[in-house]
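Trainee: Chain residues, written in single-letter form:
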Amino acid sequence: MKILVCISKSPDTTSKIAFTDGNSKFDENGVQYIVNPYDEWYALVRALELKEVAGGSVSIITVGNASDEAVMRKALAIGADEAIRIDAEPTDAYYVSMQIAEYAKANGFDIVLTGKETINYNGSQVGGMIAEGMDLPFVSLASKLEANGNTLTLETEIVGGIQIVEIDMPAVISCAKGMAEQRIPNMRGIMAARKKPLNVVPPADITPLTAFESYALPEAKSACKMIEPENMDELVELLHNEAKVI
Amino acid sequence: MATLVYINSENGLAKSAHEVVTYAKKLGEEVVVVTTGSQEESTLSELGKYGASKVLVEKSVSGNDAQQLTRVITSAVESTSANTIVFSHDLVAKAVAPRLSVKLKAGLISGAIEVPNGHTVKVNVFSGKAFGNVTIASDKKIISLLPNSIQPEENGSACTVESFDGNPGEITIKLIETKKPEGEIPLPEAELVVSAGRGLKGPENWLMVEDLAKELGAATACSRPVADIGWRPHHEHVGQTGVAIRPNLYIAAGISGAIQHLAGVNGSKVIVVINTDPEAPFFKAADYGVLGDAFEVLPRLTEAVKKFKASNQ
Ligand SMILES: Cc1cc2nc3c(=O)[nH]c(=O)nc-3n(C[C@H](O)[C@H](O)[C@H](O)COP(=O)(O)OP(=O)(O)OC[C@H]3O[C@@H](n4cnc5c(N)ncnc54)[C@H](O)[C@@H]3O)c2cc1C
Chain G
14 MKILVCISKS PDTTSKIAFT DGNSKFDENG VQYIVNPYDE WYALVRALEL
64 KEVAGGSVSI ITVGNASDEA VMRKALAIGA DEAIRIDAEP TDAYYVSMQI
114 AEYAKANGFD IVLTGKETIN YNGSQVGGMI AEGMDLPFVS LASKLEANGN
164 TLTLETEIVG GIQIVEIDMP AVISCAKGMA EQRIPNMRGI MAARKKPLNV
214 VPPADITPLT AFESYALPEA KSACKMIEPE NMDELVELLH NEAKVI
Chain F
75 MATLVYINSE NGLAKSAHEV VTYAKKLGEE VVVVTTGSQE ESTLSELGKY
125 GASKVLVEKS VSGNDAQQLT RVITSAVEST SANTIVFSHD LVAKAVAPRL
175 SVKLKAGLIS GAIEVPNGHT VKVNVFSGKA FGNVTIASDK KIISLLPNSI
225 QPEENGSACT VESFDGNPGE ITIKLIETKK PEGEIPLPEA ELVVSAGRGL
275 KGPENWLMVE DLAKELGAAT ACSRPVADIG WRPHHEHVGQ TGVAIRPNLY
325 IAAGISGAIQ HLAGVNGSKV IVVINTDPEA PFFKAADYGV LGDAFEVLPR
375 LTEAVKKFKA SNQ
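For the record, the sequence lines run as chains G and F.
Residue 249 in the working numbering sits at position 236 of the first sequence, with consecutive numbering throughout.
Residue 337 in the working numbering sits at position 263 of the second sequence, with consecutive numbering throughout.
Worth double-checking, as some hints may not be accurate.
Capping the alpha-carbon separation at 20 angstroms, the derived lysine to aspartate or glutamate pairs in EDC-like fashion look like this [said to hold, decoys possible]:
| id | chain 1 | residue 1 | chain 2 | residue 2 |
| --- | --- | --- | --- | --- |
| 1 | F | Lys380 | F | Glu265 |
| 2 | F | Lys248 | G | Glu255 |
| 3 | F | Lys177 | G | Glu115 |
| 4 | F | Lys253 | G | Glu115 |
Covered by chain F, per the in silico footprint, the following chain G stretches (three or more residues, Cβ under 8 angstroms) [stated by the list, open to error]:
| id | segment |
| --- | --- |
| 5 | 66-72 |
| 6 | 88-101 |
| 7 | 123-136 |
| 8 | 150-157 |
| 9 | 219-231 |
| 10 | 242-255 |
Source of the hints: derived by calculation from the structure; they are not laboratory data.
Ideal Cβ placement from N, Cα and C applies to all residues, glycine included.
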């Protein structure tokens, strides 16, 4: 089985979020990048598990510049066989997805996996866009994935519950919690990752459709009003009359 | 020219359906709704009250196959010459809107939280830690609106409902089974949420949380470690790596307020924090704080809500 896992970098979850250049750019000063948790914990680890059972290969792909190679090496240390970096600024989800769709079409994969969303842009766009770009079925937010011959059985979240569905490969799937457990790379994996291939591919000619013009931070909350633990009638009263939420 | 709204009407019309039609109406064009399945005409025609001029129903499609829905919506875009397509940013939209974006070469803005200001649309980014202002370069535009971001407004009367042949094509995703727990309020749409964390000590103590939620008509949620150790189901996990929510009221008991947790809930209009530790970081993000033991405060709060409801009848 040939599996392609889409990897994005995202700022470490404890990063201070700030902006520069007149609030038009994310301030990378002092920011540590990690593999986007959904891509790492769920998509990549499940891909490795499938390979361990059925054989085949796991490739990881990102659209980004040379500085992203550190997070690619981390994903290789967890166990991916090879990495592909499409050498371009990831301008918007459409641009990124069309780059990956072009590469995946040309190189033939049975499954393309993405994380549910990135924790910086939260768009949940890339998986569906790749699927449409490749004209393949797409199952979003899968929390379980089993392969049986050419058929995949998946559990996915639906409004107010879950659904079990089947599709034939090839297919695109976005991975959510439940899919796998996080794996910590060991020393051997880290050493091996240094020697694994990291191929740099020139981008296809794609025009982005959207642009972030500026950013803003939420206004600070005013001080918290403390209520005595014996006095829950007062809290209910405040929620009704002052906050007007009940 | 029109604005096309896709609505999932399988389980009736959720509040988010009223929100998206209200939102579309504010864009200034005629609003046409497209939906699939066998929902009652009388239910669908109610969307007129929020500004829809008609509802198109593709009755031959049941279920949520994203490729089928993408084809149906594309047909509706062609027949209405719509330039803007609006979704509610729910589970169906997360599969369909990106496909549609590629098919129509229409830029997609997901997670919008306000009506556009000129050509820019405000969205949540960094899991709720910041906002971004996004523009779309293409003529056709797709916006998916985060639930609970605007209030539904009634300004019209019931509208017509028409059958629509949307060329759905084949199903590629075979449905084996659907499991829906009865009576639970889906978390992303809930207006009131009661949530608890590791401070509750064990899954057997969640009855207090459920009692309060039931009394308020709220959904229940939890912190990540609680879902990880299996005290609560995964779909209740809120935060940066769980569900991001923006209810009117978020009550958090026995949750410390780690930055990753706050990221998923700080869009809430009002936050109440119940914690035994005066240094708990959550108090800094709260509107109302109760410094006390959740085991005593939660039942007391449930009683107070009961009393309030009885006196307000
Ligand atoms: C990459 C990454 C992603 C993460 N994503 C998320 C996420 O999406 N969501 C999330 O929630 N976390 C997330 N976390 C974990 C987060 O950092 C915290 O560890 C977690 O939120 C803590 O959960 P908690 O508040 O329930 O538990 P604790 O931090 O253990 O806090 C328990 C709280 O309960 C209080 N308490 C104890 N007893 C009582 C009592 N009787 N009455 C009242 N209060 C009491 C304590 O004072 C304490 O404040 C993430 C972490 C990482 C590294």
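Trainee: If a hint holds in the structure, say so; if it doesn't, say that too.
Mentor: Structure-based check of all given hints:
{"no.": "1", "hint": "F/Lys380 with F/Glu265", "result": "holds, 18 angstroms"}
{"no.": "2", "hint": "F/Lys248 with G/Glu255", "result": "violated, 50 angstroms"}
{"no.": "3", "hint": "F/Lys177 with G/Glu115", "result": "holds, 15 angstroms"}
{"no.": "4", "hint": "F/Lys253 with G/Glu115", "result": "violated, 36 angstroms"}
{"no.": "5", "hint": "66-72", "result": "violated (count 0)"}
{"no.": "6", "hint": "88-101", "result": "violated (count 0)"}
{"no.": "7", "hint": "123-136", "result": "holds (count 5)"}
{"no.": "8", "hint": "150-157", "result": "holds (count 6)"}
{"no.": "9", "hint": "219-231", "result": "holds (count 12)"}
{"no.": "10", "hint": "242-255", "result": "holds (count 10)"}
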